[in-house]
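These protein sequence lines are chains A and B, in that order. All residue numbers for the first sequence refer to my numbering, where the first residue is 1 and numbers rise by one. All residue numbers for the second sequence refer to my numbering, where the first residue is 1001 and numbers rise by one.
Source of the hints: derived by calculation from the structure; they are not laboratory data. Since this is a predicted model, take the numbers as computed values, not measurements. For each residue, glycine too, the CB sits at the ideal point set by N, CA and C. You may find that some hints are simply not true.
Computed cross-link-like contacts, DSS-like style, restricted to lysine-lysine with a CA-CA straight-line distance of at most 27 Å [claimed, not checked]:
(1) B:Lys-1098 - A:Lys-57
(2) A:Lys-71 - B:Lys-1098
(3) A:Lys-71 - A:Lys-14
(4) A:Lys-57 - A:Lys-71
Reference listing, derived: stretches of chain A covered by chain B, where coverage requires no fewer than 3 residues with Cβ under 8 Å from a Cβ of chain B [what the hints assert, rightly or not]:
(5) 8-17
(6) 53-65
(7) 90-100
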Amino acid sequence: NAGVTQTPKFQVLKTGQSMTLQCAQDMNHNSMYWYRQDPGMGLRLIYYSASEGTTDKGEVPNGYNVSRLNKREFSLRLESAAPSQTSVYFCASSWGGANTGELFFGEGSRLTVL
Amino acid sequence: SQQGEEDPQALSIQEGENATMNCSYKTSINNLQWYRQNSGRGLVHLILIRSNEREKHSGRLRVTLDTSKKSSSLLITASRAADTASYFCATDKDSSYKLIFGSGTRLLVRP
């Protein structure tokens, strides 16, 4: 089992460019999440999807959009990248709510915006 | 805003010693979780403690929770070089889907 798979692992963008980060899980989990991690900081929740067909804002949603394509896949889109979005992005999934059990994380996507 | 704050920010110990990390949070919670992150990797779940529990063990890990002080501690006994990592506490806030992470404790275990 792959668990949570994120693509791409590394990406460099110029300011104003757009891109989509892909995430897929093979554990039949209901809930999926996107976090960002900046140097020396913990993770901040961008968006989450409690179940297929639903998405909700987290702590720092501005500048991002998400799509829960199906139960397996949850994508994060940057429409017009800004240097402040340089970060490491983590996708995670869980059976039920995040507070009821463990989150399973991908290995991260490292994004640099010039 | 950060719900949980870990203390200390960094900790360096000798292999075989115990490591204690603390987490404080601001609002009431249902559960508190601890995660480990090795350098350049994703987070891995260690342990979950519910608000009605005071102590929980898992192998060499011992977690305590004091809801009156809004604080938790993670104790790693008989540390190993492989325990070198960052450790984060995470608490639910406002909803069962919003798991909020602290800024972490960087643990270095010297061989």
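Quick rundown of the hints versus the structure:
Our distance criterion of 27 Å between C-alpha atoms is met by Lys-1098 of chain B and Lys-57 of chain A, whose separation comes to about 9 Å. Restraint check for Lys-71 of chain A and Lys-1098 of chain B: the C-alpha separation of about 19 Å stays at or below 27 Å, so the hint holds. Among the hinted pairs, Lys-71 of chain A with Lys-14 of chain A is inconsistent with the structure: their alpha-carbon atoms are about 32 Å apart, more than 27 Å. Of the pairs offered as hints, the one joining Lys-57 of chain A and Lys-71 of chain A holds, with about 18 Å between alpha carbons and a cut-off of 27 Å not exceeded.
Only residues whose beta carbon comes within less than 8 Å of a beta carbon in chain B count, and the stretch 8-17 of chain A has 0; fewer than three means the coverage is violated. Evaluation of the coverage hint for the stretch 53-65 of chain A: fulfilled, as 3 residues show C-beta separations to chain B shorter than 8 Å, against a requirement of three. Here the stretch 90-100 of chain A counts 7 residues with a CB under 8 Å from a CB of chain B, which clears the bar of 3, and the coverage holds.
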